[in-house]
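**Student:** Chain residues, written in single-letter form:
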Amino acid sequence: MKNKWLSGPYIAWMLLFTIIPLGVVVYFAFTDSATGSFTLHNISEIADFLPTFLRSIWLSIAATVICLIIGYPVAYYIAHCEPRKQRMLQMLIMLPMCMSFLLRTLAWVALLEDTGIINSALSALGLKTLPLIRNNGAVILGMVYNYLPYMILPLYTVIMKIDPRLIEAAQDLGCNRKQVFSKVTLPLSVPGIVSGITMVFVPAVSTFYISQKLGPSDTVMIGDVIEYQSKKANNMNVGAAMSLVLMILIFICVGIMNRFTNESDEESMVTL
Amino acid sequence: MAKELIRLSNVVMEFDKERILNSINLYINDSEFLTLLGPSGCGKTTTLRIIGGFLTPTEGNVLFDGERINDVPAYKRQINTVFQRYALFPHLDVYDNIAFGLRIAKLPEDEIDERVTEMLEIVSLKGFENRKVDSLSGGQMQRVAIARALVNRPKVLLLDEPLGALDLRLRKDMQVELKRIQQAMGITFIYVTHDQEEALTMSDTIVVMDKGRIQQIGKPEDIYNEPKNAFVADFIGESNILDGVMLDDYQVKFFGRTFKCVDKGFEKNEPVDVVIRPEDVDIVPADQGHLCGTVTSVTFKGVHYDTIVDFKGFKWLIQTTDFCPEGSYIGIRLNPEDIHIMHKSEYSGMFGDYSSYSSEYDEIADAEVTEDEE
Chain A
1 MKNKWLSGPY IAWMLLFTII PLGVVVYFAF TDSATGSFTL HNISEIADFL PTFLRSIWLS
61 IAATVICLII GYPVAYYIAH CEPRKQRMLQ MLIMLPMCMS FLLRTLAWVA LLEDTGIINS
121 ALSALGLKTL PLIRNNGAVI LGMVYNYLPY MILPLYTVIM KIDPRLIEAA QDLGCNRKQV
181 FSKVTLPLSV PGIVSGITMV FVPAVSTFYI SQKLGPSDTV MIGDVIEYQS KKANNMNVGA
241 AMSLVLMILI FICVGIMNRF TNESDEESMV TL
Chain B
1 MAKELIRLSN VVMEFDKERI LNSINLYIND SEFLTLLGPS GCGKTTTLRI IGGFLTPTEG
61 NVLFDGERIN DVPAYKRQIN TVFQRYALFP HLDVYDNIAF GLRIAKLPED EIDERVTEML
121 EIVSLKGFEN RKVDSLSGGQ MQRVAIARAL VNRPKVLLLD EPLGALDLRL RKDMQVELKR
181 IQQAMGITFI YVTHDQEEAL TMSDTIVVMD KGRIQQIGKP EDIYNEPKNA FVADFIGESN
241 ILDGVMLDDY QVKFFGRTFK CVDKGFEKNE PVDVVIRPED VDIVPADQGH LCGTVTSVTF
301 KGVHYDTIVD FKGFKWLIQT TDFCPEGSYI GIRLNPEDIH IMHKSEYSGM FGDYSSYSSE
361 YDEIADAEVT EDEE
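Protein chains in written order, with the working numbering: chain A, 1 to 272; chain B, 1 to 374.
Just so you know, these hints were derived from the structure itself, not from any lab.
Please read all numbers here as calculations on a predicted model, not as lab measurements.
Mixed in with the good hints, there may be bad ones.
Said to hold, decoys possible - The list that follows gives simulated cross-link-like pairs (lysine to aspartate or glutamate, EDC-like), each with its CA atoms no further than 20 angstroms apart:
#1 B:K17 with A:E82
#2 A:K183 with B:E109
#3 B:K76 with A:E82
#4 A:K183 with B:D222
To be verified - Simulated restraints on C-beta separations:
#5 B:K301 with A:K178: 52 to 62 angstroms
#6 B:K132 with A:W5: 29 to 39 angstroms
#7 B:K264 with A:R177: 52 to 62 angstroms
#8 A:S7 with B:S135: 23 to 33 angstroms
#9 A:R177 with B:K301: 44 to 54 angstroms
#10 A:R177 with B:E14: 21 to 31 angstroms
#11 B:S23 with A:K178: 31 to 41 angstroms
#12 B:R19 with A:K161: 49 to 59 angstroms
#13 B:D16 with A:K178: 51 to 61 angstroms
#14 A:D48 with B:K132: 27 to 37 angstroms
#15 B:N130 with A:Y228: 22 to 32 angstroms
#16 A:L186 with B:M350: 18 to 28 angstroms
#17 B:D16 with A:P73: 35 to 45 angstroms
Glycine included, every Cβ here is placed at the ideal spot set by N, Cα and C.
Extracted from the complex, chain B is given alone in its bound form (with noise of 0.2 angstroms):
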C-alpha cells in the first residue's frame, strides 16, 4: 500500500578507517513517521546526514524514489532538516529565517508571504514576525527551525534529536504538535533520538540501532513486545532479562521451573533470553507464587512503585501499584504471554539485572548453578 521513498543499501560509513555504519539496510515508505533510535554514538545521526546529504557513505547505495542520489549535494535534495540546537541565522528575524529557502528558490514575494504567514499559523507563532531569534525561548526557536524547514514543502523531513533541549512538559507538548503536522502534512518524517518514549510515541516504524548496526526495525508495538536481543528489550522500555532454556515449543525452563510461553520455532534445549517486562509480573502471596523472593527496595514513581525483589540472587524490577513493604517474602505469577523468548545474542547477559552492575555477571552465573542442580 505504502509507496517506497528512500531505500539505504549495504551503506557503510567509515571515518579515519574507523566504522561508524556496518551495512545499514532500510527503506523508508512515503507519508511514513520513522524513527532512529539508539544510544549516542550508534550511528543515528551519521545515518541521518547521510540521507540529508551532508556525508558521502563509504560504500553502499543511498535511493530517492528509487534514483541513486550518493553524489547529490545537500542542497539539490528535497530533503530539509530541522538541526539539533535548531541553526537558526541569527542575522535574520523570524520572517526572515522562515522565508529563507523560499528566497533562494527565488518565489515571487507574494507567494513567499503567503506561505510564511500559513507557516507561522501552523507552528503557532502569529505575531512573531520581526522578533530576533535570540529573543525566542526553546520552543520558540525549535517552531521556528520546523516552520523554517516545513516552508520548502520537502518530500522528507529529517529532524536530529530536535526536542533534546526543551523541558519535559514542553517536549511532551511538541511530540504531539509533530505527529499532528506530520499527519496534516503527509510528509515523510525521519527522526532521530536516544528518548525511547519519544519514539514509541509518534513512530510508525522505530529502527533501533547500536554500534553502527540495525538491531531490529518494526512497528513500536512490535518492538516493544517482541525485542530481538536483549539490547532491544533493555533500550525500549525495562525488562528482567534471564537466562532459560526452551525445552519444547511453547516451553521454556528458568530458575529450574518450565514454563509455558507463547513463542516457537527454537531448537530443542537452545539455552536462550528470557525477558519478562516489569509490569506484566503478577503480585500473589507466597504460597500462591510460580516464584517467591523477598523484597529489597520499593520507590514510590506516582503511577506505580518500583519494586526489586530477589530471586535466589537474581533481582527482578516489577512495577506494580499494590505496595510490598521491604523485607517482605512474596510470590509472583507468570501468564504464558508474559513471556518473551529471544535467541541468544552478542549482548546477552549484558543487560536486564537490577542487582547492582559490579555483581551482574557473578549473579547470573549463580542462578545458573542452583538451576543445573534442581
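Excised from the complex, chain A in its bound form (with noise of 0.2 angstroms):
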C-alpha cells in the first residue's frame, strides 16, 4: 500500500532541519560577512586552508583502511558464530557507541597523556614512556576506535546473508578454502564493504574534537577549523564555505566508491 501521508512528518523534517539549513549554508558561503553582498571571497579563503583539508583526508583514508583491516576478520568471524554468540558478540560491539564521544575520546586521552595510565605503568615497571599522545598515530587510533563499530556492522550484515549453499556450491566446483574467498564470500560482501567505507570515511574526514585532544598541537583537521571558524573567529561564512566544499568532496568520494557497486546491489548500500 503506497501512502503518501505516512512520509509526511519525515519529508517536513527534512525541509526544516536539512534543506534549509543547507540553503542557509550556500547563503553563508557565498555572501560578505559584513555586507551580506554576493562574493567569491569566502571560497577563495579555503585555498590558506588546503593543507588542512588533506591531512583531514590522509588521517581519514587511514583510519578507513584500518577499520576494514580489522573489521572485515571480526565481521566474518561473527557472521559464523552460532545465533546466541552472535547477539552477544554484536551488542559488545556496539557497547561503546553507547557511551558519550567526548567522554570516549578524553578516556584516551587519559590512557596515552605523557603520564597518563600507559606510561605510568610502564615506568612504574622501570621502562621507558612512549610519546603515545600528540601525533597523528593517536588521531588515527582515536578515530578508528570511535568508528570501527559502522564498519563491523554493515559487514557483518552483508557476510551473514550470503547463502550458504553458494559457498558449497563453489567446494562442489572446485574452490578450496582460499578460492571459496576469493571467489564468492569477498565479492558478494563488496556492497558491505562499501557501506563500511562510506560510513567510517565521511564522519571521520569531517571530525572535530578528536585532532583537538589527540593530535599534535600545532594542525588540526578540517573539523576542528570550521568549529573555529563558526564560533570563535565568529565567521560563519569562511566556516560555512569550508562546510560546503568539504561536503562536495564527500560527495565525490561516495560517489566513487558506488561504482564499484553493481546496481542489483543497492539495496544493501548506504545512499548519501
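Taking the hints as your guide, dock the two standalone chains into a single complex.
**Tutor:** Right, dumping it as C-alpha cells:
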C-alpha cells in the first residue's frame, strides 16, 4: 500500500532541518560577512586551509583502511558464530557506541598522556615512557576506535546474508577455502565493504575534537577549523564555505565508491 | 556388465545423537540414473550430501572407484552437484557462472569458451551469456545450474530435487531433457526427489528410503509391481493394502475368500499384506464378481475415474474408465497377477485404506473379525 502521508512528517523534518539549513549554508558561503553581498572571497580563502583539508582526508583514509582491515575478519568471525554468540558479540561491538563520544576520546587522553595510565605503568616498571599522544598515530587511533563499529556492522550484515549454499556450490566446483573466499565470499561482501567505508570515512573526515585532544598541537583537522571559524573567530561565512566544499568532497568520494557496486546490490548500500 | 562406481557400506549419520541414516548399503554403477526417493526427512538429501562430500558419515565407508573417500573434501571429488534452488552466483552472469569451475581448474580461456558455448547449446540457453542470473526464469536458472555442473565433465552428477520449484509442465519437459542429457553424456546421475512419478519416469534404479533406512532398491517396474512392504506400495503409486493369510503357495485368503495368486515361498498360514493396484481391478456386474461392494464416491480425473468402493467396511480405490454412479452395487474380478503379496512389516496397517484416516484402524479390525466368523 502506498500512502504518501506516511512520509509526511519525515519530509517536513527534512525540509526544516536539512534543506533549509543547507540553503543557509550556501547563502553564507557566497556572501560577505559584513555587507551581505555576493562574493567568492570565502571560497578563495579556503585555499589557505588546503593543507588542513589534505591532512583530514589523509588521516581519514588511513583510519578507514585500518577499520576495514580490523573490521572484516571480526565481521566474518561473528557471522559464522552460532546465533546466540552472534547476538552477544554484536552487543559488545555496539557497547562503546552507547557512551558519549567526548567521554571515549577523553578516556584515550587519560590512557595515552605522557603522565597517563600506560606511561605511568611503564615508568613504574622501570621502562622508558613512550610518546603516545600528540601525534597523527593517536588521531588515527581515536578515529578507528570511535568508528570501528560502523565498519563491522554493515559488513557483518552482508556476510551473514550470503547463502551458505553458494559456498557449497563453490566447493563443489573445485574451490579450496582460499578460493571460496576470494571468488565468492569477498565479491559478495562488496556492498558491505562500500557501506562500511562510507560510514567510517564520512564522519571521520569531518570529525573534530579527536585531533584537538589527541593530535599534534600545531595542526588541526578541517572539522576543528570549521568549529573555530564559526564559534571562536565568529566568521560564519568562511566556516560555511568550508562545510560546503567538504560536503562536495564527500559526495565525490561516495560517488566514486558507489561505482564499485553493481546496480543490483544497491539495496544494502548507504546512499548519502 | 556395468561397472561399480560408488559404494556406501554401512553408512550411519548422526546429528546431535539423532540417527538420520541407519546402516545404508548401496552401490551405484557407472552411467546409471539412480534416484533416491522418499518423503521429506527420510535421509535422501543427507545421503546425497555424504556422496558430494559436504558431510562426513559418523560410521561406515564411502568408496569411489574402490577408494575410500570419507575424508576427501568436496572440492577434490570428481562429483558435481545441482543444488536445490540452484545456488547460482548472483555476482556473475550466465557465462561466468558456467565457466566458474573451469576457471578454478585454470583451463586455457579458449577451451573454457569452447566448452561453455557447447554447454549453453546443450541446455538451450544460447544468447543468454551476458544475462544476470536473477533476471532468469526458474527453468532457465535450472538449466544454468545443470550446465555449470556438467561443464566440468564430472563422473557423477548429484541432483537435489532440482525440479521442485518448477511448474508441472516445465517439470515434465525437464524430466525428459535431463534423461536425454544423461544418456548423451554417459554420466552417472544420482537424483533426489520425493516425487514418485518423476522417479519412475527417469530412473534406471530407484532407492526407496524412509526413516533413514533403505526400504527397497530396484528397477522402476520392480518397485512398482513388486513392492517389498506397505510403505513402498503406498509411496509408489496408489495401492489398496489388505490383511490376508497365505494358505499355501499361490493361494491367498482375504475377505473370507481364497484367491489364486502368483506369489510363493511364504510360510503356511502366514499373515500377509495383500496389495491390489487400483488400475488392475476389473469392474463387473454384481452377480459375476469375486467381491461385491457399494460405490461411495466418484471423482473424475481426466484419464480415469477414481472410484471408492466399500467392501464390508473397507474402502478400496479403483481407477477405471467405466463410470459407476455413486450408490451403485458392483462386483469386481481379480486376476492372479493383479494380486501382490508382501510380508508383514512395521508399516502394515498404516497405509492402503481409502476410508477416512481416523477410522482406518477400526475398519481394518472389523474386516478381520468378519473374516474369522466366516
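**Student:** Compare the structure with each hint and give your call.
**Tutor:** To see whether the hints hold, each was checked on the structure:
For a cut-off of 20 angstroms, the pair hint linking B:K17 to A:E82 stands: about 19 angstroms separates their Cα positions. At most 20 angstroms may separate the alpha-carbon atoms for a hinted pair to count; A:K183 and B:E109 meet this at roughly 17 angstroms. Proposed proximity of B:K76 and A:E82 is contradicted: the alpha carbons are some 28 angstroms apart, above 20 angstroms. A distance of roughly 46 angstroms separates the Cα atoms of A:K183 and B:D222; the hinted pair therefore is violated under the 20 angstroms criterion.
Between B:K301 and A:K178 the beta carbons are some 56 angstroms apart, a value that agrees with the proposed interval 52 to 62 angstroms. About 36 angstroms separates the C-beta atoms of B:K132 and A:W5, a value consistent with the hinted range of 29 to 39 angstroms. In this structure the supplied range 52 to 62 angstroms holds for B:K264 paired with A:R177, their Cβ-Cβ distance being about 58 angstroms. In this structure, A:S7 and B:S135 meet the distance hint of 23 to 33 angstroms, their C-beta atoms being roughly 30 angstroms apart.
Between A:R177 and B:K301 the CB atoms are about 53 angstroms apart, so this pair conforms to the stated range of 44 to 54 angstroms. Range check, A:R177 to B:E14: about 25 angstroms between beta-carbon atoms, so the 21 to 31 angstroms window is met. Separated by about 37 angstroms at the C-beta atoms, B:S23 and A:K178 satisfy the suggested range of 31 to 41 angstroms. Taking the beta carbon of each, B:R19 and A:K161 are about 33 angstroms apart, not inside 49 to 59 angstroms as hinted.
Between B:D16 and A:K178 the beta carbons are some 31 angstroms apart, a value that contradicts the proposed interval 51 to 61 angstroms. With their beta carbons about 50 angstroms apart, A:D48 and B:K132 fall outside the hinted range of 27 to 37 angstroms. Range check, B:N130 to A:Y228: about 54 angstroms between beta-carbon atoms, so the 22 to 32 angstroms window is missed. Between A:L186 and B:M350 the Cβ separation comes to about 51 angstroms, which falls outside the hinted range of 18 to 28 angstroms.
For the pair B:D16 and A:P73, the beta carbons lie near 29 angstroms from each other, so the given range of 35 to 45 angstroms is not met.
Against the hints set out earlier in the document, violations occur for numbers 3, 4, 12, 13, 14, 15, 16, 17.
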